[in-house]
Amino acid sequence: MSNEVESKIAKLGFELPPAPDAVGFYVPVVKFGNLIVTSGQLPIRSGNVVFTGKVGDEIHETEGYDAARICALNALAQIKACVGDFDRVKQIIRIEGYVHSAPGFQGQPSVLNGASEFLVEVLGERGKHTRTAVGVCEMPLNAAVQLAVWAEVEDAGSET
Amino acid sequence: MSNEVESKIAKLGFELPPAPDAVGFYVPVVKFGNLIVTSGQLPIRSGNVVFTGKVGDEIHETEGYDAARICALNALAQIKACVGDFDRVKQIIRIEGYVHSAPGFQGQPSVLNGASEFLVEVLGERGKHTRTAVGVCEMPLNAAVQLAVWAEVEDAGSET
Amino acid sequence: MSNEVESKIAKLGFELPPAPDAVGFYVPVVKFGNLIVTSGQLPIRSGNVVFTGKVGDEIHETEGYDAARICALNALAQIKACVGDFDRVKQIIRIEGYVHSAPGFQGQPSVLNGASEFLVEVLGERGKHTRTAVGVCEMPLNAAVQLAVWAEVEDAGSET
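Chains as they are written, first to last, in our numbering: chain A, 1 to 160; chain B, 1 to 160; chain C, 1 to 160.
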């Protein structure tokens, strides 16, 4: 099933990257009980933020959508780094999406659909989640999107 | 007790609506273990956002308060849709409030008291919760307020 | 171990304050199962917000760092008020940081390192956490930083 997830990621033209480092004095992901939460993921590839600026002005909504996809990809990388295998992911519970928004931009839901659709495309029913979507004025490293992901994993008792 | 909750809602002049649909590719509420979290609820009635614009400029703080109440009402609708009965709600744990704020507006706590007071009015002690309150510059659909709610519910073991 | 935490706080030149009151109609901290979450903590000392304004303009990034430390200190006060003893804190899971940001300010991670480093300095490995870091345009009471903290505590079963 895990290979299935990675093969679906590949079919969408992506590759699961190494889990990005934290941008500060914190850890990128933590497991407690049978829950996982990631730190806020930025649209980082190979150490660089690849989508910067305010959506709706400096960059287009469709680029925001692409940025949100990369954030979701990075969140999956964190989750895999944490539990080793996507088989153990029972459900993506929640994503918290922050969209770096130009004045008057109200398309935060469309931007974050980039992440939401990606998670369902690669995880199926297990990828369905709740969501918050807010527009923020400033963002670390001028990133276009930030995304934190909560997931439920199989009980430790079911580890093999 | 559940009818009691709905009768208290009625006394405040409201009616529990059908749980609003998600505004994007996500689900409006999820249960995991004995926790529930809703997606960000907007001040939607019958499919329309009824309070739009920046609080402190385009709309008054008291309208923001009213908007927050409707967000809380919608969150209760999501919770009921998820667990079927308010009897199963043990505690509202947390609300995350985002207030669409005009430059210089610092009354986010007063606005969100609309949600906080409503939850305690209808759920009593079970409605008491922690809160985050931030001012944001842009909001999906130009909504005045967005509210996500976490609740603890009775263990599945106590289901009848 | 708890005295050790408070003595480390003292070595950094701070003293654990009484847990600050809520700034509105909510509670400052809640425990559910073996988790705790605090409400958004502001840089309050003795009832006053001591760092106000937008970081990167009205106040300097280093003052934002100091503000974030006080938010973390207040969060620890809430956690102690909730569980009585830092011995019971198993892990700081997550901090949610909101930085009141001037236009163009992108140093939210540096500001929030004030909280992150403080938590690790006083709690060691148990203080390591995930983080979200966003820039917001307006803040309750004009505070420079707001910080909510999630922690995992020992199971009630281990209570003595």
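Bear in mind the hints are in silico, worked out from the structure with no lab data behind them. Possibly wrong hints are sitting among the right ones.
Remember, identical chains collapse to one label, so a pair may be satisfied in a single copy or spanning two.
In silico EDC-like cross-links for lysine to aspartate or glutamate, where the CA-CA straight-line distance does not exceed 16 Å [stated by the list, open to error]:
no. : residue 1 : residue 2
1   : 128       : 57
2   : 11        : 87
3   : 8         : 21
4   : 31        : 154
5   : 128       : 21
6   : 90        : 155
7   : 31        : 125
8   : 80        : 57
9   : 80        : 117
On a predicted model such as this, the values are computed, not experimentally measured, just so you know.
> So which hints don't hold here, by number, going up?
Replying inline: The structure conflicts with hints 1, 2, 3, 8 and 9, although it agrees with all the remaining ones.
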